[in-house]
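Enquirer: Chains as they are written, first to last, in this note's numbering: chain A, 315 to 504; chain B, 315 to 504; chain C, 315 to 504; chain D, 315 to 504; chain E, 315 to 504; chain F, 315 to 504.
FYI, nobody ran anything at the bench for these hints, they're computed from the structure.
One or more hints might be untrue.
No copy is singled out in the list; a pair is fine if it fits within one copy or between any two copies.
[As the list claims (entries may be wrong)] In silico SDA-like pairs for lysine to any residue, Cα to Cα no more than 25 Å straight-line:
#  : residue 1 : residue 2
1  : K379      : E465
2  : K411      : L324
3  : K372      : L324
4  : K372      : A357
5  : K379      : A317
6  : K379      : A456
7  : K341      : P356
8  : K341      : A368
9  : K379      : T334
10 : K341      : A452
11 : K379      : F454
12 : K411      : T316
13 : K411      : E494
14 : K372      : L327
15 : K411      : A434
16 : K372      : F462
17 : K372      : I335
18 : K372      : A325
19 : K411      : A317
20 : K411      : R500
21 : K441      : A317
22 : K441      : F319
23 : K372      : F319
24 : K372      : D326
25 : K372      : H321
26 : K379      : S342
27 : K411      : L497
28 : K372      : G488
29 : K441      : R318
No experiment lies behind these values; they were computed from the predicted model shown.
Number of protein chains: 6
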Amino acid sequence: MTARFPHAELADLPQDILATILEIQEKSGFVPNVFLTFARRPAEFRAFFAYHDAIMTKEDSALTKGDREMIVTTISAANNCTYCVVAHGAILRIYEKNPLVADQVAVNHRTADISARQRAMLDFAVKVNSASHEIGDADFDALREHGFGDEDAWDIAAITAFFGLSNRMASFSGMMPNPEFYLMGRVPRS
Amino acid sequence: MTARFPHAELADLPQDILATILEIQEKSGFVPNVFLTFARRPAEFRAFFAYHDAIMTKEDSALTKGDREMIVTTISAANNCTYCVVAHGAILRIYEKNPLVADQVAVNHRTADISARQRAMLDFAVKVNSASHEIGDADFDALREHGFGDEDAWDIAAITAFFGLSNRMASFSGMMPNPEFYLMGRVPRS
Amino acid sequence: MTARFPHAELADLPQDILATILEIQEKSGFVPNVFLTFARRPAEFRAFFAYHDAIMTKEDSALTKGDREMIVTTISAANNCTYCVVAHGAILRIYEKNPLVADQVAVNHRTADISARQRAMLDFAVKVNSASHEIGDADFDALREHGFGDEDAWDIAAITAFFGLSNRMASFSGMMPNPEFYLMGRVPRS
Amino acid sequence: MTARFPHAELADLPQDILATILEIQEKSGFVPNVFLTFARRPAEFRAFFAYHDAIMTKEDSALTKGDREMIVTTISAANNCTYCVVAHGAILRIYEKNPLVADQVAVNHRTADISARQRAMLDFAVKVNSASHEIGDADFDALREHGFGDEDAWDIAAITAFFGLSNRMASFSGMMPNPEFYLMGRVPRS
Amino acid sequence: MTARFPHAELADLPQDILATILEIQEKSGFVPNVFLTFARRPAEFRAFFAYHDAIMTKEDSALTKGDREMIVTTISAANNCTYCVVAHGAILRIYEKNPLVADQVAVNHRTADISARQRAMLDFAVKVNSASHEIGDADFDALREHGFGDEDAWDIAAITAFFGLSNRMASFSGMMPNPEFYLMGRVPRS
Amino acid sequence: MTARFPHAELADLPQDILATILEIQEKSGFVPNVFLTFARRPAEFRAFFAYHDAIMTKEDSALTKGDREMIVTTISAANNCTYCVVAHGAILRIYEKNPLVADQVAVNHRTADISARQRAMLDFAVKVNSASHEIGDADFDALREHGFGDEDAWDIAAITAFFGLSNRMASFSGMMPNPEFYLMGRVPRS
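Excised from the complex, chain A in its bound form (with noise of 0.2 Å):
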């Protein structure tokens, strides 16, 4: 499919936003179509960014990073966002060193090879999604069972809920997987 909307021009942008897409260009070798999509509108592109540090790097968690991309992959899927299941499916494999993980919760959460921990996370985290106005204080015993507390639900929500967002963005506009996301993390370094 072809991008419905093109991507920013390198050259028009503001210093701050020119800085990040470098930086990931640097650091990853290429830019993801996430950041030439946002960038064709310059306050919406900080605001995102800043929403998705804010939860996937959050420090004092119990969610580990390879826990949130799992969240992000397993709602993406739900969501029917290509652009996130790859992308984010590719960071998964990479955090948690697991080259199938990522196609197996895309699928199906509930037969994928993970802990009962992650898999009580992912409940949650689909119910959040589909059915937000129905959690109630079972679903948060439910989580307690696993070590999780009311902050952590909190980071599971908000993970569920930003990327629920990011999925209706992408599909809505047409945004398609950078080629390399691919086949990133599926190949054991020899």
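Add chains B, C, D, E and F to chain A, keeping to what the hints say.
Expert: Frame of chain A, contents of chains B, C, D, E and F only:
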């Protein structure tokens, strides 16, 4: 319902967040609960309201402020979010100077007393909310019949996506509307 | 929206129906549109209001008048019926002497500020509305924990079923609420 | 299944209800369970059958008696109501003089051996049943192509809405069809 | 409905398929349409009926022949397949020697006059049909309470899965039941 | 996840089944779990693979082998079957010589980089999978616009229906993909 997460203590807040909260109090006469709930997490507070402002106060848009709040009210009702329906329904009544419109779009935007252009805008928003992966050319064409271009479609989608995030955070956390919102914009000024 | 079916002409009405309509006008100060729409069909008018009265004014019931209107408002919102949510939300506010409750149950009865007994009542009503074929012993047991016996269950089911009929007739025919309903019960009497 | 609510005792019934029941017994050779269940509540009995008669025996209608029972059978199957599918399927077979039609519309009216006009009638009924809030001009236009005017649309909607009520009452209360209904209209008279 | 795909011509059929068809005609007095439709494609015909026989005539199973046809009828109704509901409903009535059971399970197996063991069997089948990815330990445990082991669960799942295939082929191709099926097993032999 | 049903012991297998398994091992270098799971039941094994071969290796078809695996991958994702998405996604990548296509159609075939003809083919398959009872002339016409005749429609429907069976058997039984599948077709040969 009692909110599951206690409000932030004003005394503990960073300066910028405290300033934002005092300003809204000054302007509105009360502090909407969404501010005091998100203030528990300063980084998320800043990103949330930066995103909100980027899309809700953006100047070069075909969407009026009333249009935007109409999207918010409609989507929040589809997502069963009490806080957002009541709070944004209030703002919608004020911007549209119409005491009836919020209750109408919250139940069924298809029969509300709004313009055909607004109905098309809400149809697009509702589809982004419930099935963004099925958005296609026909949906953009339907907008175009009412003068909405691709950038306007982005505005509609961004508001829809952001309040999908907001709805999930409010519902999951048991956030309830301040009592002040319920009556706002209902009684004609004399 | 313009109602698809014109109101009955008072001059054409049978005596008993005219009398009913004049009485409600006297009592309420206006004639709710449901009367003038159904009056187009006298036999249906008589049966509709006989049914309504049989279940809504029934005396030997564990359900208060406020309970009954709370069921109506909740179910009508689930069925996206603007007329019934607005009109019966008004009556609910008056009976419960609570200006906030109608907007709360219309969006999400699970988090509304109502009693646990009322929540159980609405849970039962919502299931009769959406999946009556799955109602079983467990549902009656859940009612019983709050003191509702089988006859009370019948009352809840009958109100739910009758307003399911009413919702469909109002929505299909484009019936809109009289403007008077929107503000009723919202402003405290001084 | 055993019905949850015991049948009314004939000895306890008001005269008019007893008369109705004796008449149906005389005419049909048995008393359908819906009469004996509703008779427990005389006011509801009277309103229920008055409504039934108002729409099912109405004379000036484009809908034949067979058409009406076809709507009832289709809608009752969509709502998973065993009593109504079996009882009204029987009456449908008799009115249409067609031993196959009831089983066909109960499973999938789209492929049943009925007229295009009847298919359009059932399409409208099915939408009123499942999504009355989405009924719009296009639905009335589709009826009009087959000669159905607005009053006919009302007839279809009223039958759909009334049997939605009936389905919920029968299913919630565990009402089962009398054994007599299952074979009625299936064996050609010789 | 007219079937979209013409029946195979007997003269064109391979020997083995012709033999199968003549045998069923001899035994039943007519050739069910499913034979003549699949015979258009000999390789698929052979595989289809081999699969059918493997699961429906398997000897070492806790499921009686009546149990198996009860699963088929229930699942086929859930999938809105007219051919399979009518044809297998007929066989179910015969095996169970019960003229009422097929119509009951087709509309709502939860309230049908069947054993608690059969209800558990159908609950499992219905979940395999609609949400096989959510099947978990609790579902196998529920079967076990009624004496069904893992191999019985396989039998139930295999029948459900195979008739899911059959339902889609019949519905997509416009296959309708032979008239003979409708009355089979309904009239007591004298 | 641990598969709920143990693999068949090779030593116990009938000759023909053992031969099939050794052949696939020879050809692929490993034995896909579906063979070892179904081998527990020889009659079902034979029928399953006979059906598979009848539709997947059929020669006179407008569908290429890549087209067929694309249907399988898309439908298996819609049915949340991890085994089939991973195993057939691998084969799809190989047949299409496209390392990206499987991940794309698994998440959202509407935006995948495939031909308009393939998108129409998948639209038809998705509808047969989720609502075969609503398939009608318009669906066949949409296929015809891309050169697919009625026999091609049968091919698409048969593949969809057969893998619906396969998906349910794999998910219900806890079958997981062999690790070999995940990387197949992803790394360009050098």
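Enquirer: Going through the numbered hints above, which ones does this structure break? Give me the numbers in ascending order.
Expert: Violated hints (numbers, rising): 2, 5, 10; every other hint is consistent with the structure.
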